[in-house]
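Participant: The primary structure of each chain is shown beneath.
2 protein chains.
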Amino acid sequence: MTNDINEQGRTRVIIEGVQPEIDGGRFPIKRTVGEPVVVEADLFTDGHDAITGVLLYRNHGDKKWNEVPMTFLNNDRWRGEFTVNELGVAVYTVSAWVDHFKSWLHDLTRRAEKEDIALALLTGAGLVEEASDRASKGDATKLTAWVKTLKQKKDPNVIRQRVLKGDLEMLMSRYPDKRFATNYGRELKVVVDRELARFSAWYELFPRSCGAETEHGTFADCEHMLPYIAGMGFDIVYFPPIHPVGQTFRKGKNNSLDAGPDEPGSPWAIGSAEGGHKAVHRDLGTLKDFQRFIDKARKYKIEVALDIAFQCSPDHPYVQAFPDWFRWRPDGTVQYAENPPKKYQDIYPFNFETDGWQELWQELKSVFLFWVDQGVRVFRVDNPHTKPFPFWEWAIGEIKAEHPEVIFLAEAFTRPKVMNRLAKLGFTQSYTYFTWRNTKEELTQYFLELTREESREYFRPNLWPNTPDILHEYLQFGGRPAFQIRLALAATLGANYGIYGPAYELFANNPREPGSEEYLDSEKYQTQKWDLNRRDSLKDFIARVNSIRKENPALHRMENLHFFDVDNDKLICYSKSTDDKANLIIVVVNLDPYSMQSGWVELPLEELGLDPAHPYQMHDLLSDARYLWQGRRNYVELDPHAVPAHIFCLRRRVHTEEDFDYYL
Amino acid sequence: MTNDINEQGRTRVIIEGVQPEIDGGRFPIKRTVGEPVVVEADLFTDGHDAITGVLLYRNHGDKKWNEVPMTFLNNDRWRGEFTVNELGVAVYTVSAWVDHFKSWLHDLTRRAEKEDIALALLTGAGLVEEASDRASKGDATKLTAWVKTLKQKKDPNVIRQRVLKGDLEMLMSRYPDKRFATNYGRELKVVVDRELARFSAWYELFPRSCGAETEHGTFADCEHMLPYIAGMGFDIVYFPPIHPVGQTFRKGKNNSLDAGPDEPGSPWAIGSAEGGHKAVHRDLGTLKDFQRFIDKARKYKIEVALDIAFQCSPDHPYVQAFPDWFRWRPDGTVQYAENPPKKYQDIYPFNFETDGWQELWQELKSVFLFWVDQGVRVFRVDNPHTKPFPFWEWAIGEIKAEHPEVIFLAEAFTRPKVMNRLAKLGFTQSYTYFTWRNTKEELTQYFLELTREESREYFRPNLWPNTPDILHEYLQFGGRPAFQIRLALAATLGANYGIYGPAYELFANNPREPGSEEYLDSEKYQTQKWDLNRRDSLKDFIARVNSIRKENPALHRMENLHFFDVDNDKLICYSKSTDDKANLIIVVVNLDPYSMQSGWVELPLEELGLDPAHPYQMHDLLSDARYLWQGRRNYVELDPHAVPAHIFCLRRRVHTEEDFDYYL
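So the protein lines, in turn, are chains B and C.
The first sequence begins at 1 in this note's numbering and counts up by one.
The second sequence begins at 1 in this note's numbering and counts up by one.
With the rest of the complex left out, here is chain B (with noise of 0.2 angstroms):
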């Protein structure tokens, strides 16, 4: 305060409401490489002056700022944009003066009486002077040229008039003084991520049960899975842990506490004496087999994703090698996971707050960084809310500093907030809760939270209708209707979605027992062998949907998404487009896996650029089928067991006589 006196006491202008800015400029906003950053702020002074605001921005390894102007909104809100170009941390922030010449330029013309107009030229020839002072030479010519005109004794209406035709203007906002500027301070930050942080689509694979002959399947069984998934059009491909499992409680077929010698165990009780989490399962090949995997995946454009589960089986080497990092029980035992009355003895999660906390953590992050060497680019992070989050977010901060390529997807299910702090420190895209939302209330409001509130800027939504973990019941009674009704909400509400395949492209969806989510013979404990050829697989169906969203920018994001109304409760309704709406895509879901619904369809015809008195096409993109429709209201019926959702192009112009050139 006190200081103010010596220091700020002419910067008169106020900067404030500044946006997007996360916990007043604690965390930073994401955005992909070529994405604009639209910033807001309240800029106001005191009286009636003039003033001109200016975002300032730093790509990625720019050394200086650049700068662009604001314009006025309206209530002392003023807007700015520009677009992050390179990988890595763009940073923005504001900065605004009093503008005197734009000030006198305005009461100029305001002005009646001669004299007061030749009294203000005099005023104006003097900011003039300054200005060519500030200007470089050929503009100070220019400018001290204006002073002499401003100055002429001829008619001050004249003067006005040239004044007024706006050149002097030009050339004044170029040497705006500058001294009492206000500058925001803080400087806000951007992590800026490659397309795929925004638009992708997962297929979550065991690669253990690939084996075409074998029991054990192989990285290189996997390797003629490739082709199959690259057909459906998924860009990543995940494999759950791929490290030795451990023997000791090794956890049987449907999680039976008594392991048969030949079951594989789960691969999250991550350990064995053969290693750990930089160790490759020896039946799945060796490090040379997976990179030779990576290899191949990389021709189908198809990235590997590993599953980075930071916990430890009795027999993972780090319990020998570094007892501290484990919580000891007065019995002399390792403190194993449990939620009592439960008990997982075959997990030792790290004790986070040991004395060794930093070799710890520098540990964890060389996982990582060995998986970075082998290749991969894309992690998925399993129960990260079960870790500290400033491990978090010095991990991946220290990790993307290095190769801000990588992408981390959160598999936290847990609570809204801190679902939100894993986000926000730093994690790429998260898991959601998609899988639980159904019913057409439950999705309007939840994808309006997720695409309205401020967590869009931080919090990159990955849906998921199914996971090894969850068999929602609405799959587990839905039948084949219910996977594909899923599917297509998941690929066109989100832009970043995934399954668990090929139990999802199988419809499989027999739970362990009634009331559980759970599957019956789940892949986490055993190995599947899977029909892929099955004539009712939904792949063909899978490979349309995805070839429909690479085709359509409109789908590459997630917060264009907007609800329409549909007088039917079983039918959802919503549209996605580009920003100069060239591609619009409106898609109709029926939300009823076991009836044919139908209702009317109510578009906002002027948001979408459609003139009422004229039909449009309305393409269906699955079907190939097209429609003419007209009006804010129409009709729609969808079945189930046909194809229980429209995904429409919308094409504005409908071919009428006028259009033959005979006509006129």
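I should point out that these hints are in silico values taken from the structure, not numbers from a laboratory.
Misleading hints may appear alongside valid ones.
Pairs involving identical chains hold if they fit within one copy or between any two copies, as the list cannot separate such chains.
To be verified - Once the Cα atoms are required to be at most 20 angstroms apart in a straight line, the calculated DMTMM-like pairs of lysine to aspartate or glutamate come out as:
no., residue 1, residue 2
1, K189, D23
2, K148, D133
3, K189, E16
4, K343, D49
5, K581, E40
Assemble chain C onto chain B, guided by the hints.
Facilitator: Chain C in isolation, oriented as in the chain B frame:
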């Protein structure tokens, strides 16, 4: 970031979303002595560990932090509360930590197997032993005894029962392990004012119009007004500027440009050869007379508020003494206030961009201090939005550091963000748009904004139905009932309100010309003689309303305002109540000054703590009439030509035959 690994790595609790917090802690919130500060925050940690959160605060003058526990609400939200009990600046912050003892206790209740419980008791013994090292001598002995108990080789269920009785928990809660506590870091401020800042009734008066016999009233004349003003129940008498008035370009009656020799001019054209902002207008009396007036007012429990208008007449001594405090035009004259084509040649604004701005700031601050020395503790600041925000923040901060009892009312009728900024940076109270909000929709929307949005933490509205600058059309055309209506609204919607009298109680309503909000023959430019004893004066009505305000604590606050439905848009209904609902006021106002209006009021009985099955009494404190109401919907009718408002005090208990002691 990289610092984390050296320091903060084990502080696992996250603290975010702290409220109230204005602009990331940049600005204080406001309270008055004795008021509570309710603080909420999101507190959570990784995993399933229990946490403990505390609210830390220091009242003004406290050397050490006081600590109160926060309690869990839901969705990771916690709440704590403290009371500010000293004028000045209080501070608060939040701290939280992982509470292993709490987690241990939680798990202990859920453990099933005997061996499991036995082992857990040993783990607990370790935690208790650690706590004993932190404990006072007496408690350490008790804790050591507990360690022994926990280690006993008895039936573990028996020992568990003893633990769960609660004594150990109580003891342990005194010695938490705060090694890895997260401290929020920001110390959030509360400006603590006296009660008058929150609850006040202002009466604006031109002292020069108080002359009983002379043309130009004096402070001595004003003394005779005190019984009248006190009789109406006002707390503050506010005088427009009392300084010498300039001669140059003096304005005449009705703002004419050619003042006659005897015309007094506008009191806002401050300064003449006789003196400036620290002088008293000769015709009003001497500084001594002014001090005597203050002393006399104090006997009537009335404070005197002065108008501080930082601008000068061309004759102000500053113009000669400090020419660099003004802007000079190329013709060698001082730049007067203007808004082309309008000119205000009688007013010179200060140039706050002068190189001598530090001297200017000091001098302006000394103006306030000069009047503080004369005994003034309340200032109404004229057009603060035309002087730099940093100046006000500094000046108010400096003055309140020495004199925390001083109240500053911001007269800024301008854009919302500007008004909010002035309130944030330090103004104690603020004028509002109430003057222009007359319909039910306008009033409801605006008062929800004032009482529900974050600004309620720092923006204290002061409602004025009229000012010497604003005679709203509603008053121009609504006759005497309009004045009653607007007074009832101002006095009950707001906790702070004021009127410009005697124009108000004598319902002066002639505008200078049609369409103008200026008064005809405005006191701004001439003196007026008022007939205070007119039979139709509103003084008794005002006295009644002000006494109702004083007697009902529900009306001493603003943020406790709730609106209720009435099925007639001319009727508005709202309530205010104390936190304990012991005092519950329900106001119904007929906004139509012409016609009787009736309708059905709908009360949320449950929220008001009323039993739908029983009648309740509505005691109209204005008319002293009592009505028996029952159920949600009840009928009201209000005749503007009688009394256009009910100010009900709700009396919950209506007697029945069961109250007679011979009933049973």
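Participant: For every hint, state whether the structure bears it out.
Facilitator: Hint by hint, here is what the structure shows:
| no. | hint | result |
| --- | --- | --- |
| 1 | K189 x D23 | both (12 angstroms within a copy, 18 angstroms between copies) |
| 2 | K148 x D133 | within (15 angstroms within a copy, 84 angstroms between copies) |
| 3 | K189 x E16 | both (17 angstroms within a copy, 19 angstroms between copies) |
| 4 | K343 x D49 | between (70 angstroms within a copy, 16 angstroms between copies) |
| 5 | K581 x E40 | neither (23 angstroms within a copy, 43 angstroms between copies) |
Consistency note: the structure conflicts with earlier hint 5 alone.
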